[in-house]
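Each chain is listed here by its residues.
2 protein chains.
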Amino acid sequence: MKNIFFTPGPSELYYTAQEHIKQALKDQIPSISHRSKQFEAIFAETVQNLKTLLQIPDQFHILFTGSATEIWERMIQNGVEKHCFHYVNGAFSERFYQIGLELGKKATAYHAQEGSCAAIEAGQIPEDAELIAFTHNETSTGAAQPLEDIYAVRKAHPDKLIAVDAVSSLPYPDLDFQQVDSVFFSVQKGFGLPAGLGVWIVNEKFVEKSKKLQEKGIGIGSYHSLPSFLSKAMKNQTPETPNVLTLYLLAKVSGDMLQKGIAHIRKETEYKAALLYHTLENHTFLQPFVKEKKFQSKTVIVAETRQDSYSVISYLKNNQLIVGSGYGNYKPKHIRIANFPTHSKEQIEMLVDRINDLKNYTSA
Amino acid sequence: MKNIFFTPGPSELYYTAQEHIKQALKDQIPSISHRSKQFEAIFAETVQNLKTLLQIPDQFHILFTGSATEIWERMIQNGVEKHCFHYVNGAFSERFYQIGLELGKKATAYHAQEGSCAAIEAGQIPEDAELIAFTHNETSTGAAQPLEDIYAVRKAHPDKLIAVDAVSSLPYPDLDFQQVDSVFFSVQKGFGLPAGLGVWIVNEKFVEKSKKLQEKGIGIGSYHSLPSFLSKAMKNQTPETPNVLTLYLLAKVSGDMLQKGIAHIRKETEYKAALLYHTLENHTFLQPFVKEKKFQSKTVIVAETRQDSYSVISYLKNNQLIVGSGYGNYKPKHIRIANFPTHSKEQIEMLVDRINDLKNYTSA
Chain A
10 MKNIFFTPGP SELYYTAQEH IKQALKDQIP SISHRSKQFE AIFAETVQNL
60 KTLLQIPDQF HILFTGSATE IWERMIQNGV EKHCFHYVNG AFSERFYQIG
110 LELGKKATAY HAQEGSCAAI EAGQIPEDAE LIAFTHNETS TGAAQPLEDI
160 YAVRKAHPDK LIAVDAVSSL PYPDLDFQQV DSVFFSVQKG FGLPAGLGVW
210 IVNEKFVEKS KKLQEKGIGI GSYHSLPSFL SKAMKNQTPE TPNVLTLYLL
260 AKVSGDMLQK GIAHIRKETE YKAALLYHTL ENHTFLQPFV KEKKFQSKTV
310 IVAETRQDSY SVISYLKNNQ LIVGSGYGNY KPKHIRIANF PTHSKEQIEM
360 LVDRINDLKN YTSA
Chain B
10 MKNIFFTPGP SELYYTAQEH IKQALKDQIP SISHRSKQFE AIFAETVQNL
60 KTLLQIPDQF HILFTGSATE IWERMIQNGV EKHCFHYVNG AFSERFYQIG
110 LELGKKATAY HAQEGSCAAI EAGQIPEDAE LIAFTHNETS TGAAQPLEDI
160 YAVRKAHPDK LIAVDAVSSL PYPDLDFQQV DSVFFSVQKG FGLPAGLGVW
210 IVNEKFVEKS KKLQEKGIGI GSYHSLPSFL SKAMKNQTPE TPNVLTLYLL
260 AKVSGDMLQK GIAHIRKETE YKAALLYHTL ENHTFLQPFV KEKKFQSKTV
310 IVAETRQDSY SVISYLKNNQ LIVGSGYGNY KPKHIRIANF PTHSKEQIEM
360 LVDRINDLKN YTSA
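Heads up: the sequence lines are chains A and B, in that order.
Numbering of the first sequence is given in the working numbering, commencing with residue 10 and proceeding in unit increments.
Numbering of the second sequence is given in the working numbering, commencing with residue 10 and proceeding in unit increments.
Any given hint could turn out to be false.
All copies of an identical chain are treated as equivalent in the list; a pair is satisfied when it fits inside any one copy or across any two copies.
[Claimed, not checked] The calculated BS3-like cross-link candidates involving lysine-lysine, where the alpha carbons are at most 25 Å apart (straight line), are:
| # | residue 1 | residue 2 |
| --- | --- | --- |
| 1 | K115 | K303 |
| 2 | K35 | K326 |
| 3 | K326 | K91 |
| 4 | K241 | K368 |
| 5 | K276 | K31 |
| 6 | K300 | K269 |
| 7 | K11 | K46 |
| 8 | K354 | K35 |
| 9 | K169 | K342 |
| 10 | K303 | K269 |
| 11 | K214 | K241 |
| 12 | K91 | K114 |
| 13 | K326 | K46 |
| 14 | K220 | K115 |
| 15 | K91 | K225 |
| 16 | K164 | K214 |
| 17 | K241 | K340 |
Keep in mind the hints are simulated off the structure, nothing from the lab.
With the hints as constraints, model all of the structure from the sequences given.
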């Protein structure tokens with residue numbers, strides 16, 4: 010019997026992915042040229058499906074990198090001359106902020122408690138900050154910033170660039186792209202694909218900024234600068250030979266999600282999240298790490314364990330259910346459960362049953 | 010019937026790759042954590058197999074990027090403070106040189122004729138150049154710089170860094186790694202794998218240079234700087250979630266190549282290359298583009314066509330044999346044939362038979 014991976018990325022493959030891989034091999038997709046019409050059609054299909062699925066407006070471009078980590082770097086390089094501002098509430102938002110510093114920018118962080126999110130208030134964001142970085146879903150703690158907070162910041166700072174790390178939340182959030190400038194994710198989480206592809210959704214305003222930096226002689230990188238990306242994307246191509254197989258799979262899986270319907274996926278996600286939080290709230294030695302309901306992520310559910318988390322993880326593993334350990338210092342104290350579109354209601358119910366079994370195990 | 014891809018990358022998958030992909034899916038490799046022991050074992054196996062296969066000395070590190078194009082950028086960032094020198098003889102060596110300029114360095118190029126290689130002479134390399142870039146196998150033209158030329162430059166410039174683009178030649182060349190500092194390739198060529206992974210083989214001398222640049226406050230990037238790479242590689246990990254599936258496949262295919270024996274692979278490569286060049290030399294309207302035998306690549310064989318290359322490519326395609334078109338301006342005038350380890354003697358003989366058929370087609 011196979012394991013079911015509820016790890017928050019890499020995670021369980023989307024349930025159609027394996028069939029698409031077999032078809033890709035049959036059609037020799039890994040051997041086609043990335044300068045061929047066949048590749049251009051795959052690129053165009055991926056972009057079109059993502060635009061439809063996530064309701065991405067026309068003035069946005071969709072670009073492909075090696076990872077979401079790469080997008081952190083490219084975003085700072087292409088969008089920030091001097092100063093970027095970061096809301097930080099965990100290991101991944103912290104890493105994004107650190108990349109700003111490593112690239113020689115003045116980066117400023119507003120720290121919120123881990124397991125919570127910043128209470129957005131006027132005056133938090135320095136006047137000369139050019140880019141405001143949100144981590145919509147902090148994968149290390151399971152805290153999600155409400156979209157309304159992002160929109161409030163947009164209203165207060167219409168001229169700044171707003172960047173949203175949605176690595177472990179998309180396609181779930183019904184994000185209004187008109188109110189942000191740059192959004193990104195990696196395919197091994199909500200889209201259930203093999204890792205090795207980052208997706209960068211970026212608008213013309215952001216592109217204009219990168220061109221201004223270039224004119225000023227500020228380094229914006231080489232093959233993966235925004236102007237270089239766009240010179241190829243307009244032909245449905247990439248600057249380098251990309252991860253063609255995973256790009257093909259993203260076209261197919263986003264097509265499958267369109268067939269299923271994004272509203273259906275969102276509703277299911279909310280049902281499964283409610284079930285998981287209910288289970289944790291009524292457990293004897295597990296409880297949600299994120300206390301405030303409005304900050305509780307629907308896609309990465311993190312539980313505090315009264316005892317060592319290792320015995321919980323082991324018990325579930327013995328039942329072929331693989332959950333994530335806590336991140337960093339939380340390793341012995343947390344478990345992390347991904348609730349992605351590939352995870353069916355039945356699978357989450359099975360997981361919940363086993364978590365409830367644990368109440369009777371005093372050794373656990 | 011399936012096509013056989015003789016395109017110079019992406020190309021035909023290594024003949025064992027498909028079975029390894031099936032096994033990877035069975036073992037749920039795409040779902041495992043890149044911070045798990047299981048991943049670390051895959052990383053270690055890949056490094057060990059490549060070190061054994063290519064006889065890479067201990068003081069070299071093997072690092073993984075999204076593409077070989079990325080390695081061009083990382084190498085300039087991490088190895089060059091001010092000045093890099095490039096031997097340029099085609100589109101890819103030219104692109105490497107351009108990346109030096111785009112990253113704000115003083116880059117100097119020594120141009121050789123396309124379809125040939127530089128005649129190495131004293132005085133070509135500026136005294137203050139810190140890095141000397143060779144493109145061992147210029148994929149756009151099929152010209153290969155003899156290894157002895159690289160060694161001669163090492164002897165004359167022992168203190169400079171020597172970088173070798175072996176993207177479309179490895180694992181064929183029997184390169185003496187003691188005489189170079191940085192070598193790189195991408196997996197979709199000689200190793201016959203799905204694209205989306207670059208392999209950077211780099212020594213301690215190069216790492217020291219990157220640390221010196223960092224101390225001077227010169228930007229060497231963030232997550233993919235050499236110090237960041239190494240802090241993870243020492244644990245058999247990567248800074249970001251990498252292309253785990255292709256990394257696994259690289260472990261397996263390099264293992265298969267070890268079983269077959271690198272000497273055997275090299276001998277076969279030379280036999281097949283000799284057959285292809287012999288065919289071109291005796292053809293009525295095809296001839297080798299690279300005239301000087303010492304510069305003729307063994308892994309990418311480029312033919313000039315007296316007429317439009319399109320009819321040649323079409324005739325072969327109708328026989329399920331896919332060869333590459335000419336690169337850039339050579340598109341209508343050349344065909345490019347990959348001779349990689351996955352291409353069997355029988356497949357090359359079949360291709361040669363069809364190329365010989367063409368002699369009788371006056372329309373072609």
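> Looking at the structure, which of the earlier hints fail to hold?
Replying inline: 1, 3, 4, 5, 6, 9, 10
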